[in-house]
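Novice: Okay, here's what each chain looks like letter by letter:
There are 2 protein chains.
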Amino acid sequence: MNRLVEQFSRLPGIGKRSAERLAFHLLKQSDEQVAELASAIGDLKRSTKQCSVCFNLTDADPCSVCTDPNRTQGLVMVVEQPSDLLSIEQTGLYKGVFHVLMGRVAPLDGIEPGDLTIAALLERVQNGLAGTSQGDGADRPRIEEVIIGTNPTLEGDGTALYLVEKLTALGVRVSRLARGLPYGSNMEMVSKAVLADAMDGRQPM
Amino acid sequence: MNRLVEQFSRLPGIGKRSAERLAFHLLKQSDEQVAELASAIGDLKRSTKQCSVCFNLTDADPCSVCTDPNRTQGLVMVVEQPSDLLSIEQTGLYKGVFHVLMGRVAPLDGIEPGDLTIAALLERVQNGLAGTSQGDGADRPRIEEVIIGTNPTLEGDGTALYLVEKLTALGVRVSRLARGLPYGSNMEMVSKAVLADAMDGRQPM
Numbered sequence: 001m002n003r004l005v006e007q008f009s010r011l012p013g014i015g016k017r018s019a020e021r022l023a024f025h026l027l028k029q030s031d032e033q034v035a036e037l038a039s040a041i042g043d044l045k046r047s048t049k050q051c052s053v054c055f056n057l058t059d060a061d062p063c064s065v066c067t068d069p070n071r072t073q074g075l076v077m078v079v080e081q082p083s084d085l086l087s088i089e090q091t092g093l094y095k096g097v098f099h100v101l102m103g104r105v106a107p108l109d110g111i112e113p114g115d116l117t118i119a120a121l122l123e124r125v126q127n128g129l130a131g132t133s134q135g136d137g138a139d140r141p142r143i144e145e146v147i148i149g150t151n152p153t154l155e156g157d158g159t160a161l162y163l164v165e166k167l168t169a170l171g172v173r174v175s176r177l178a179r180g181l182p183y184g185s186n187m188e189m190v191s192k193a194v195l196a197d198a199m200d201g202r203q204p205m
Numbered sequence: 001m002n003r004l005v006e007q008f009s010r011l012p013g014i015g016k017r018s019a020e021r022l023a024f025h026l027l028k029q030s031d032e033q034v035a036e037l038a039s040a041i042g043d044l045k046r047s048t049k050q051c052s053v054c055f056n057l058t059d060a061d062p063c064s065v066c067t068d069p070n071r072t073q074g075l076v077m078v079v080e081q082p083s084d085l086l087s088i089e090q091t092g093l094y095k096g097v098f099h100v101l102m103g104r105v106a107p108l109d110g111i112e113p114g115d116l117t118i119a120a121l122l123e124r125v126q127n128g129l130a131g132t133s134q135g136d137g138a139d140r141p142r143i144e145e146v147i148i149g150t151n152p153t154l155e156g157d158g159t160a161l162y163l164v165e166k167l168t169a170l171g172v173r174v175s176r177l178a179r180g181l182p183y184g185s186n187m188e189m190v191s192k193a194v195l196a197d198a199m200d201g202r203q204p205m
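Quick mapping for you: the protein sequence lines, in order, are chains A and D.
Counting from 1, position 14 in the first sequence corresponds to residue 14 in this note's numbering; the numbering is continuous, with no gaps.
Counting from 1, position 71 in the second sequence corresponds to residue 71 in this note's numbering; the numbering is continuous, with no gaps.
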C-alpha cells in the first residue's frame, strides 16, 4: 500500500492525499479490475512505438495516419509534440500528414536541432522531392508543401526559422500556420504581440 | 450620503458595500480633492466630443490622430470601439489613421448597419479615392487601403463581411487583421476555431 501511494504521488497533479484516495479506491475494486489497470500500465511502454515515417506515437509502424490512402501524402505539417498532432486531428479539418519533431530547439535547455527528428524530416522531404524509390523498392510520395506548425512561442519561432532555412534550401514549398487574433477574442484583451502579429499578417480581402 | 452611495452602486463592478466604502473615503478627503473629482466627472460629457472624421472620442475636432502629420492618412483601420483604437495605439506599431464604427452589426440586438458610422466611412473612402476637395476647400487625403479591424467574433465577422462588400464595390484596397494562433499560446490549448483559422490562413515563408 505504501509503495503504491508513493508511486501515485509521483504523477503530475497527484499529491499524497489523492494518492491515498486512489489506493483505497483500488482496494475496494474487484481483483480483475485492478489486474486490468496494472496490465494497461504495464503494456503502455511495450505497445507504444514511434512511427518510423512521422515519429508520432503509434501501436503500428508506419502509423495509421501515414498509411491512410485518403490523406494527401504530399502535404506535411511539422509539429512539436504528439499532443499537437492530436489537437490538429481533433479539428477534423486537416487532410495531410505530419512530422513530429519530438520537441523544439531550446538552447537554454540544451536542446539542439540534432536532438530532434529534423534530420529525418529533411531526408524525408529530400526523398519526397526526388520521388526516388529507396532500397526497399517502395515509392516515396511526392512532397508538395511543408507546413510549419510549431507553437507561437519564442522557442517555437526559433525552431520554425531553423526549419524554414533548411527546407527552402531543399527547394520545397514552405508555409506556416497563421498567427493573429484568436477566434472569439477581443482586441481589448489580447497582448501587444498578438496585435503586432495581426497587423503584420493582415490579409487582402 | 445615501444619494451618493446609490449613484456609486450603479457603476459596473461596484456593489453597495464598495459604494459605501467609496463614500466614506470621500468624506475623509479635503474639500478641494472632492471638488476636483466632482468637476472631473461633470466635465466628462461636456468636454468629450466625437471626431467628425474618425468618430473617435476626443477633446478636439478633428482628433489628434486625424491631424497628426506623421501618420499615413491613406491607411485607415476600421475598429468597433474607441477602446479597440486604444489597444492598437498602445502597441505603438500602427502608423495609419482610424475609423471607429461605434459598435458592430448585431441583428439579434437590433443593431443594423445604419446604426453605425458606416455611411460616413463609405463617404470618407469615396472622397479619399476621388481625391476631391470638399465645399470647405480642403483636400481630402488619398485613401490607399482600408484595414478591417473588427473583433474576431461572430458579430465582428458579420460586420467585416458587410464592410468588405461595400468597400470593394468602391474600388479601394481592403485587408483584414490576421487571424490565427495568438502569440505565446500553445496548440494544445487553443480552440478548434483558432486552429481552423491558423490552417486556412497559413502563409508562405
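Hints are supplied without guarantee of correctness; some may be wrong.
As the list claims (entries may be wrong) - DMTMM-like mimics (lysine to aspartate or glutamate), calculated; alpha carbons at most 20 Å apart, straight line:
(1) D:Lys95 with A:Glu145
(2) D:Lys28 with D:Asp61
(3) D:Lys166 with D:Glu188
(4) D:Lys95 with A:Glu155
(5) A:Lys192 with D:Glu89
(6) D:Lys166 with D:Asp115
(7) A:Lys166 with A:Glu145
(8) A:Lys166 with A:Asp115
(9) D:Lys49 with D:Asp31
(10) A:Lys95 with A:Glu155
(11) A:Lys49 with A:Glu155
(12) D:Lys192 with D:Glu145
(13) A:Lys166 with A:Glu155
(14) A:Lys95 with A:Asp68
(15) A:Lys95 with D:Glu188
(16) D:Lys192 with A:Glu89
(17) D:Lys192 with D:Glu155
(18) A:Lys95 with D:Asp68
Said to hold, decoys possible - Stretches of chain D that chain A covers, calculated by requiring three or more beta carbons in the stretch to come under 8 Å of a beta carbon on chain A:
(19) 90-98
(20) 109-120
The set of hints was computed from the structure by calculation and includes no laboratory data.
Where a beta carbon is used, it is the ideal one built from N, C-alpha and C, also for glycine.
Novice: Does each hint fit the structure? Answer for all of them.
Specialist: We went through each hint and held it up to the structure:
no.	hint	verdict
1	D:Lys95 with A:Glu145	violated (35 Å)
2	D:Lys28 with D:Asp61	violated (39 Å)
3	D:Lys166 with D:Glu188	violated (38 Å)
4	D:Lys95 with A:Glu155	violated (29 Å)
5	A:Lys192 with D:Glu89	holds (10 Å)
6	D:Lys166 with D:Asp115	holds (16 Å)
7	A:Lys166 with A:Glu145	holds (14 Å)
8	A:Lys166 with A:Asp115	holds (16 Å)
9	D:Lys49 with D:Asp31	violated (29 Å)
10	A:Lys95 with A:Glu155	violated (27 Å)
11	A:Lys49 with A:Glu155	violated (27 Å)
12	D:Lys192 with D:Glu145	violated (31 Å)
13	A:Lys166 with A:Glu155	holds (17 Å)
14	A:Lys95 with A:Asp68	holds (10 Å)
15	A:Lys95 with D:Glu188	holds (19 Å)
16	D:Lys192 with A:Glu89	holds (10 Å)
17	D:Lys192 with D:Glu155	holds (18 Å)
18	A:Lys95 with D:Asp68	violated (49 Å)
19	90-98	holds (count 4)
20	109-120	violated (count 0)
Hints 1, 2, 3, 4, 9, 10, 11, 12, 18 and 20 from the earlier list are contradicted by this structure; the remaining hints agree with it.
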